[in-house]
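Colleague: Protein sequence lines, in the order shown, are assigned to chains E and Y.
If you're matching positions, the first sequence starts at 1 in the working numbering and goes up one per residue.
If you're matching positions, the second sequence starts at 1001 in the working numbering and goes up one per residue.
These are computed hints drawn from the structure, not numbers from a lab.
There's no promise every hint is true.
So the derived label-pair ranges between C-beta atoms look like this [as the list claims (entries may be wrong)]:
{"hint": "1", "chain 1": "E", "residue 1": "PRO11", "chain 2": "Y", "residue 2": "PRO1133", "range": "40 to 50 angstroms"}
{"hint": "2", "chain 1": "E", "residue 1": "PRO11", "chain 2": "Y", "residue 2": "GLU1098", "range": "41 to 51 angstroms"}
{"hint": "3", "chain 1": "Y", "residue 1": "THR1012", "chain 2": "E", "residue 2": "ARG78", "range": "52 to 62 angstroms"}
Beta carbons: idealized from backbone N, C-alpha and C, even for Gly.
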Amino acid sequence: MADLRSAAVPPIGPTDHVRGSGPEAILYLDLACPRCAAEWPMVKRLGLRLCVRHFPLAAKRPRSLALHAAAEAAALQRADGFWALWDSIYADHGHLDDPHLWERARRLGLELTRFDADRRSEVVAARVQADFRGGIRAGVAGTPTAFIGGERIAGDLLASLESEVPL
Amino acid sequence: MIEPGSEAPAFTLPDHRGEDVSLSSFRGRKLMLCFYPNDFSPVCGDQLSVYQEVRPQIAEAGAELVGISTDGSWAHNAFRKQLGLEMTLLSDFHPKGEVTRAYGAYIEERGHPNRSLVLVDEQGIVRWVHESPSPLEIPGANLIFDALDQVSQ
Chain E
1 MADLRSAAVP
11 PIGPTDHVRG
21 SGPEAILYLD
31 LACPRCAAEW
41 PMVKRLGLRL
51 CVRHFPLAAK
61 RPRSLALHAA
71 AEAAALQRAD
81 GFWALWDSIY
91 ADHGHLDDPH
101 LWERARRLGL
111 ELTRFDADRR
121 SEVVAARVQA
131 DFRGGIRAGV
141 AGTPTAFIGG
151 ERIAGDLLAS
161 LESEVPL
Chain Y
1001 MIEPGSEAPA
1011 FTLPDHRGED
1021 VSLSSFRGRK
1031 LMLCFYPNDF
1041 SPVCGDQLSV
1051 YQEVRPQIAE
1061 AGAELVGIST
1071 DGSWAHNAFR
1081 KQLGLEMTLL
1091 SDFHPKGEVT
1101 RAYGAYIEER
1111 GHPNRSLVLV
1121 DEQGIVRWVH
1131 ESPSPLEIPG
1141 ANLIFDALDQ
1151 VSQ
């Protein structure tokens, strides 16, 4: 059985999706979460080294798992595929069904047959679940949730992240 | 809040289908009672959605998770459907909050339960409790697994 007892938030590792430079922030996000979509455009512009992790609440948001798996599948074909699809999903939250994902993948120049096979693969599902389990163990109880210096941010996420950016 | 080591107060409450559920029906299984303030509140929605995702692992650990609030059965039913929840939700609606009070989880000035977890063992004894410092603070699912691990040792 997977161990879901309390543990510190996993430090940023080689398999994480990281971008930007500055103080580190680890974010647990759900690609189908409207609040995450609303805050992402502001968060991504902050002068921070951002690590995003998958935290799909699948029962609440039926498209969550498919979206997170799609982002991982894009990463398997293009070095910048993960971030390209990630940003594209948050930028247009009204088109999240499979045909919309195929269209996004096509615009990114991904090979569609492989994209579809990859996003349904066990490897991709395990990658998404690993992030989710790490979040559960660190006490993530909703999205968006952020950690700075290993500590979970309570209260206004955007304001707390902004306060981390050096002046 | 009720103390670990106490006998869990007996109850019979209607569930989300309006059918009576008694504490005694959980004898022989561990029961994690999750008292929460309100159906449809964003924070309660987040809490129960996260617990829903780890419901299989809670079952693997030999426990059943059951939610309780002072909302009625019809509201519970709609709340479950909205969030895709599979857990039983019990309605402490009438007399309002009576069972929640018996577990020491009722906030009188607010008229709803505090966010609290109570682990009842196979013999009906309270083994672990957690009360949130404020209704806005969600106890992570990790605390449920810590408690189940602690009680099984």
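Colleague: Sort out which numbered hints this structure fails and list those numbers smallest first.
Modeller: 1
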